[in-house]
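Residue numbers (the numbering used here), protein chains in the order written: chain A, 1 to 387; chain B, 1 to 223.
These aren't lab readings, by the way, just hints derived from the structure by calculation.
Accuracy of the hints is not assured; some may be wrong.
Said to hold, decoys possible - According to the in silico footprint, chain A covers these stretches of chain B (three or more CB under 8 angstroms from chain A): (1) 77–86; (2) 100–110; (3) 174–183.
Claimed, not checked - Anything over 10 angstroms on all C-beta distances counts as not near chain B; from chain A, calculated: (4) Ser11; (5) Pro16; (6) Ala179; (7) Asp240; (8) Ile252; (9) Glu286; (10) Val381.
As the list claims (entries may be wrong) - Residues of chain A clear of chain B, computed beta-carbon distances all greater than 10 angstroms: (11) Tyr7; (12) Gly111; (13) Glu145.
We put the CB at the ideal spot given by N, CA and C, even for glycine.
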Amino acid sequence: MKIPLIYNIRSVRQRPVSTLTTALGMALVVLVFVAMMALSRGFRAALTGTGSTENVLVVRTGADSELVSGISRETAQILAGMPFVADGPDGRPLVSPEVYVLVSLDRPGVGEALVVARGMNPDVFQVRQNVEIVAGRMINPGTSEIIIGKSIVGRFANTQIGDVLSFGNRDWTVVGHFAAAGSAFESEIWGENEQFMPAFRGEVFQSVTFRMRDPAAFESVRQALADDPRLQVDAHREYDFYANQSYLLTQILNFAAVFIAGIMAIGAVFGAVNTMYAAVGARAPEIAVLLTLGFRPFSVLSSFLFEAVVIAFIGGILGCLFALPLNGIVTSTTNWVSMSEVAFAFRVTPDLLLRGVFFALLMGLIGGFFPARRAARQPVVQAARQV
Amino acid sequence: MALLEIRSLSKVYQRDSQAIPVFEDIDLDIDTGEFLVLMGPSGSGKTTLLNLIAGLDEPTTGTITVGGEEVTAMSRRQLAAWRSDHVGFIFQLYNLLPVLTAYQNVELPLLLTHLSKKERREHVMTALEVVGLSDRADHFPRQLSGGQEQRVAIGRAIVSDPTLILADEPTGDLDAKSADEILTLMQRLNREFSKTILLVTHDQRAAERGEAIMHLDKGVLTR
């Protein structure tokens, strides 16, 4: 049987100021850690949510982004006729050839920023089933109408329904806003292929996306397209294509989260060390009593370590509470592959919060170890003399 | 055979290169059920002797045997277990843990035993009853008077039914009335419960409660 835990919990409550100060130091570290990881998670979620595992995205051979790709109308037609392309309810192949360009728009208070303008055919929603109109309406074919992803509505000028946006030497009327399950599509402007082609890069699409008849057969589809001498294209599972675009930035954000929080953690650990050394020093007589009664030094060590962990746990919970309001806050960054602005929301997930608490507990264990060891190694007689 | 046997015990503190002898070549026997008082001026080594008997400090030479077990030959780990089984310690400043209630303070030594929670409760309540504080079980030390705190400390010292009770100036911090109550309680423990007690004090009134008095002065122990 060990020293009762209530002894430590009440001892922590006996000195609320130093406990809270130490816990707050740890809370700040947890906040920074969780916030940066939530940023990384949000960015990744935006891009992974963009693609579907049932879709194949086709770009020109060697193109790692739609921006540098080019696919002719003829190639798009050949792709649409392939046997592994699924058919829609109307019997037509579920294919979406798309124009992809970057346009520079005014972001009030920030300046110009690049946004993806994606050309599509009116039946695009059959291929991209995570997209829906949430305000206004779909564009009418043959008009200079556009719809705007809801993440950039309000972030850029003239994005409300009825507004007129100027890019590609033409004026475009905003007729609707669309949602795409929080994905990067929500940071795009969509218009009709036949209107975008003459305005931008001529008679060429940048990508063709189609639904597979059998999603499990992707490898054979990829091989069939690579082997077709008429095409000169690379096929990617759409999910992987967009997810890969998030890889570098999420890696950097994850590293920064650990690195920055790690440096801050050193400070917080020293805070815990100070607090616990003070606690051990002030309670030398109590430690002497425990050792005199026959509690082993290991029990004393565990007891004081537990106390440090209790403080750290308070810090961890506070840090998580501070981080929670960040969840859902929309921010934006540049997608380094497409060079366009991507808006996304912080994602403070339960597992991130758990990691935050775990991080705090680790700080507590490290910060508490040396003071706890000093307590355990204290010669009883010497400690008793401090009465 | 005596319960406590001390043979040729010496303690010398080393401060830098200087050797400071506390006492040398002490012999002492205490029989089971005896209430022995150890007196002496401050700095004479009374507390040091008590600490050595409890295995809290190591002698320079000599042996201490309690109930046939040689305390001076035990490791630190063995000493911890031995103390929890055989020694009840009463300090001058009570040394209760301030964040635990009277009940929890008394229960502490029992946490080192294999007793169930129910059994522990019975022992603690019995101990509190003996010291006359069963109605203060839920009080924290700060809610008790000095005399009551010391009585809780005595409850803690007797709760595990130790072989030997060592008391270091238990009345040194109490007013005359409370001191008298504590000494009466210790006498009762000795007479009614046959507890073997070694009481260290420099208070003559306290000393008179014991069955025998020994003096430790200038390193020499005399009856």
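Going down the list of hints, with the structure as the test:
A stretch counts as covered by a chain when three or more of its residues have a beta carbon under 8 angstroms from one of that chain; for the region 77–86 of chain B and chain A the count is 7, and the coverage holds. With 4 residues carrying a beta carbon less than 8 angstroms from a beta carbon of chain A, the region 100–110 of chain B meets the three-residue requirement, and the given coverage holds. With 0 residues having a Cβ less than 8 angstroms from any Cβ of chain A, the region 174–183 of chain B misses the three-residue criterion, and the hint is violated. With a closest Cβ-Cβ approach of about 5 angstroms to chain B, Ser11(A) is found to fall inside the 10 angstroms limit, against its non-interface label.
The beta carbon of Pro16(A) is kept farther than 10 angstroms from every beta carbon of chain B, the shortest such distance being approximately 13 angstroms. Every beta carbon of chain B lies more than 10 angstroms from that of Ala179(A), the smallest distance being close to 55 angstroms; the non-interface claim holds. Consistency note on Asp240(A): stated as away from chain B, and its beta-carbon is indeed over 10 angstroms from all of that chain's, at 58 angstroms minimum. Non-interface call for Ile252(A) relative to chain B: holds, since the shortest CB-CB distance, roughly 47 angstroms, exceeds 10 angstroms.
A cut-off of 10 angstroms between C-beta atoms contradicts the statement that Glu286(A) is not in contact with chain B; the least separation is 5 angstroms. The Cβ of Val381(A) sits about 5 angstroms from the closest Cβ of chain B, inside the 10 angstroms cut-off, so the non-interface label is violated. The Cβ of Tyr7(A) sits about 6 angstroms from the closest Cβ of chain B, inside the 10 angstroms cut-off, so the non-interface label is violated. Distance to chain B confirms Gly111(A) as a non-interface residue, since its nearest Cβ pair spans about 60 angstroms, more than 10 angstroms.
The non-interface label for Glu145(A) is consistent with chain B: the shortest C-beta to C-beta separation is roughly 72 angstroms, beyond 10 angstroms.
Going down the numbered hints, you'll see the structure goes against 3, 4, 9, 10 and 11, while the others check out.
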